[in-house]
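Asker: 1 is the number of the first residue of the sequence shown in the UniProt record's numbering; add one for each residue after it.
Check the hints yourself; a few may be wrong.
[What the hints assert, rightly or not] Quick list of in silico lysine-lysine cross-link-like pairs, DSS-like style, CA-CA up to 27 Å:
| # | residue 1 | residue 2 |
| --- | --- | --- |
| 1 | Lys-531 | Lys-546 |
| 2 | Lys-221 | Lys-166 |
| 3 | Lys-608 | Lys-594 |
| 4 | Lys-442 | Lys-531 |
| 5 | Lys-607 | Lys-573 |
| 6 | Lys-165 | Lys-315 |
| 7 | Lys-531 | Lys-439 |
| 8 | Lys-315 | Lys-299 |
| 9 | Lys-605 | Lys-626 |
| 10 | Lys-166 | Lys-176 |
| 11 | Lys-626 | Lys-594 |
| 12 | Lys-626 | Lys-608 |
| 13 | Lys-165 | Lys-176 |
| 14 | Lys-626 | Lys-607 |
| 15 | Lys-355 | Lys-369 |
| 16 | Lys-165 | Lys-221 |
| 17 | Lys-315 | Lys-594 |
| 18 | Lys-221 | Lys-369 |
| 19 | Lys-594 | Lys-605 |
| 20 | Lys-605 | Lys-573 |
| 21 | Lys-607 | Lys-594 |
| 22 | Lys-573 | Lys-626 |
| 23 | Lys-355 | Lys-176 |
| 24 | Lys-594 | Lys-573 |
| 25 | Lys-315 | Lys-176 |
| 26 | Lys-608 | Lys-573 |
| 27 | Lys-373 | Lys-355 |
| 28 | Lys-166 | Lys-315 |
[To be verified] Here are the in silico distance ranges between beta carbons for each label pair:
| # | residue 1 | residue 2 | range |
| --- | --- | --- | --- |
| 29 | Asp-611 | Ser-475 | 43 to 51 Å |
| 30 | Gly-485 | Lys-439 | 29 to 37 Å |
| 31 | Ile-532 | Gly-485 | 20 to 28 Å |
| 32 | Gly-485 | Gln-581 | 51 to 59 Å |
| 33 | Ile-582 | Ser-475 | 46 to 54 Å |
| 34 | Glu-553 | Val-431 | 42 to 50 Å |
| 35 | His-512 | Thr-559 | 36 to 44 Å |
In short, the hints are calculated from the structure, not lab data.
C-beta: ideal position from N, C-alpha, C; glycine also.
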Amino acid sequence: MSIRVGLETYTSDWRCWMCFLNPTVPQHLCFVAGNVMAVLSIFHKPGKATAFFRSSANLLSHIVHLQRKHAGITDPFFKDLEVISRQGWRNLEFWTKSSISPSILLRPYSSIASPAQVSEAIKEGGIDLTQYPPERIRNFSIIAHVDHGKSTMADRLLELTGTIKKGHGQPQYLDKLQVERERGITVKAQTVTMFYNYAKHSSKLDTSAAIDTVRSTEECKYLLNLIDTPGHVDFSYEVSRSLAACQGVLLLVDASQGVQAQTVANFYLAFEADLVIIPVINKIDQPNANPENVKNQLKNMFDIDPQDVLLASAKTGMGLSAVLPAVIDRIRYPNGGALSPLRMLLLDSYYDEYKGVICHVAIVDGALKKGEKIASAATGQSYEVMDVGILHPELTPTNLLLTGQVGYIVTGMRSTQEARIGDTLHHIRTVVEPLPGFKPAKHMVFAGVYPADGSDYDALSHAIERLTCNDASVSVARESSGALGIGFRCGFLGLLHMDVFLQRLEQEHGAHVITTSPTVPYIFEYEDGSKIQVQNPAILSSTSGKRLVTCWEPTVIATIITPSEYQEADLVKLDIMLNGQIVDALSAIVHRSKAPRIGREVVEKLKKLLDRQMFEVAIQAAIGSKIIARETISAMRKNVLAKCYGGDVTRKRKLLEKQKEGKKRMKRVGSVDIPQEAFHQLLRTT
1 MSIRVGLETY
11 TSDWRCWMCF
21 LNPTVPQHLC
31 FVAGNVMAVL
41 SIFHKPGKAT
51 AFFRSSANLL
61 SHIVHLQRKH
71 AGITDPFFKD
81 LEVISRQGWR
91 NLEFWTKSSI
101 SPSILLRPYS
111 SIASPAQVSE
121 AIKEGGIDLT
131 QYPPERIRNF
141 SIIAHVDHGK
151 STMADRLLEL
161 TGTIKKGHGQ
171 PQYLDKLQVE
181 RERGITVKAQ
191 TVTMFYNYAK
201 HSSKLDTSAA
211 IDTVRSTEEC
221 KYLLNLIDTP
231 GHVDFSYEVS
241 RSLAACQGVL
251 LLVDASQGVQ
261 AQTVANFYLA
271 FEADLVIIPV
281 INKIDQPNAN
291 PENVKNQLKN
301 MFDIDPQDVL
311 LASAKTGMGL
321 SAVLPAVIDR
331 IRYPNGGALS
341 PLRMLLLDSY
351 YDEYKGVICH
361 VAIVDGALKK
371 GEKIASAATG
381 QSYEVMDVGI
391 LHPELTPTNL
401 LLTGQVGYIV
411 TGMRSTQEAR
421 IGDTLHHIRT
431 VVEPLPGFKP
441 AKHMVFAGVY
451 PADGSDYDAL
461 SHAIERLTCN
471 DASVSVARES
481 SGALGIGFRC
491 GFLGLLHMDV
501 FLQRLEQEHG
511 AHVITTSPTV
521 PYIFEYEDGS
531 KIQVQNPAIL
541 SSTSGKRLVT
551 CWEPTVIATI
561 ITPSEYQEAD
571 LVKLDIMLNG
581 QIVDALSAIV
591 HRSKAPRIGR
601 EVVEKLKKLL
611 DRQMFEVAIQ
621 AAIGSKIIAR
631 ETISAMRKNV
641 LAKCYGGDVT
651 RKRKLLEKQK
661 EGKKRMKRVG
671 SVDIPQEAFH
681 QLLRTT
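Kindly generate the complete structure, drawing on both the sequences and the hints.
Answerer: See below:
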């Protein structure tokens, strides 16, 4: 195997790597070092590989030494570079005796992961993460309002990168919880690692005329960490945690709905985190899509240049070929220190019956290998790393994680209290500055959760502990009730968050609970100046002996964004009629294309809600004089022939005709009353 091939191929990698290690390094030094390695590889003699590595390492060290002396630079980076430049020849004997690609030995990470560890990682996990230095890593999230197509977009990207096979598996692949499948919403952020080949233009040394460079297209393989996030406001804490592991986001906007509430909220979360924002207008295949109007909204509200907006349809795949190249070109790579002490951020965790607590982490600085011992900055407890890997898309062992990469670790934690979301993990016997972590969740709704059977308290306590490991935004405090016994007072981010949490308790842990009425926290002020915050109405005493002066309830300062201009639309008035009489309370203005569907839904619901009359009732939906939907409630019919025993048939016919005339007369003068309950139910479900 020729060493020349490996060195020439990775000349640009040496340049990029040196620039990455420290931005204060002069650019010409990075290019000289990379070019020296490439040029020397051309003139080496077969059988003299060891001498070549040693001489090239010495030359690089000499260049660095001269640069330090000339510029008076004392940056420890240069000392590290000297050590690394001498490291290559030490690995030569291992490389020549194995079948591993020479690119592994030419990587800067050869000083972090020894050849034996690299070989073991490849053998065990089948994925060599040393091929992905930080400049070939992109960490990004998909953020959007509810139902703007985040999960479908994630599916298409997984298929595009070959992470999952097209047509295999369930739609919305990353929505793995049963509650997500039933409700059709994302409630939990999910991480997945993808690998993508991207042909990128670069400058390369022309060895035939060493005085110039030529432009060439090199296909490089990139590691992409994608985090699919929820869109509902009740799960915004999941979004904020996900953004801490990213350098950029895809901001999806529905081409027909335009910018909505969570579009605004999530944009500012990403903006405040200084992330690169790539706007993508999704669902452009819809008949009522108006991407130009959405571009104007993005320009007016967020000052986004319309030229930077991508147009796509996750459902059909239209425009998706431009999404991942934009991610690579626009989003910056992680800027952690490859040679710095290990610091990793604990992003999420969940409990596994066999492995214990599985933690999702982002490597900010340094590297982590299986078998090493780490410690928690929050608790001080130490653990041994028993397994480490990436989610591709399921748990895939790799034996090590490097700077900028996102993956999972198994450390033998048995208690969920040990896995504190936002904690900084580091090697034992090292002192590091803890990472900022996350802002604490602000709970808006509180409710009591009690076991349906008082003897199941321990089982409920165990279930809540396991579930809060996976949902750190829930607060839990023990409380007791004279009527319900011992239970818990839980704080949630909203009513939907509470419903989902209780549903997960039942589905995932088999817990049957009784829930008290949800309430918000109130503040009560007494005449002596004392204040008390009440989350549970039961603790508010009416016989405290102190006079209540003021009560405070939480309020929201909201900004309502309305269109500043009108646009042309094909609208019609949809009328609902009972026996030809228009019911004005049910009239609506709708898009012409949606009118038939909405009309059918309304008349079908009315038929179920209205009582039968003594005459036939026609329920119709109409646009002007055109009837577009109809249902009929048949009349109640009295048996007028019950008293006829035998006799002439003309007598029976006369009675039936008389009944028919009576019903016609009743229909002309009668009216149909819609009960108030039917109105409420109809308007609530329409």
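Asker: Taken at face value, is the distance from the CA of Lys-176 to the CA of Lys-166 at most 27 Å?
Answerer: holds, 18 Å
Asker: Between Lys-166 and Lys-315, is the straight-line Cα distance small enough, at 27 Å or below?
Answerer: Status holds; Cα separation ~13 Å.
Asker: Hinted pair, alpha-carbon criterion (27 Å max): Lys-221, Lys-369. Please report holds or violated.
Answerer: Distance ~23 Å between Lys-221 and Lys-369 Cα, so the pair holds.
Asker: Quickly compare the C-alpha distance for Lys-315 and Lys-176 to 27 Å and report which way the hint goes.
Answerer: Since the Cα atoms of Lys-315 and Lys-176 sit roughly 20 Å apart, the hinted pair holds (cutoff 27 Å).
Asker: Assess, step by step, whether the Cα of Lys-594 is no farther than 27 Å from the Cα of Lys-573, and give holds or violated.
Answerer: holds, 11 Å
Asker: Is Lys-605 close enough to Lys-626, meaning Cα to Cα at most 27 Å?
Answerer: holds, 20 Å
Asker: Going straight from one Cα to the other, do Lys-165 and Lys-315 come out at no more than 27 Å?
Answerer: holds, 16 Å
Asker: In this structure, is the beta-carbon distance linking His-512 and Thr-559 contained in 36 to 44 Å?
Answerer: holds, 42 Å
Asker: Compare the distance between the alpha carbons of Lys-442 and Lys-531 with 27 Å, and conclude whether the hinted pair is satisfied.
Answerer: holds, 20 Å
Asker: Do the alpha carbons of Lys-373 and Lys-355 lie within 27 Å of each other, as the hint requires?
Answerer: It holds: about 17 Å lies between the C-alpha atoms, which stays within 27 Å.
Asker: Between Lys-607 and Lys-573, does the CA-CA distance stay at or below 27 Å?
Answerer: The hint holds at about 21 Å.
Asker: Would you mind confirming whether the straight-line C-alpha gap from Lys-221 to Lys-166 stays at or under 27 Å?
Answerer: holds, 21 Å
Hint compliance for this structure: no hint is broken.
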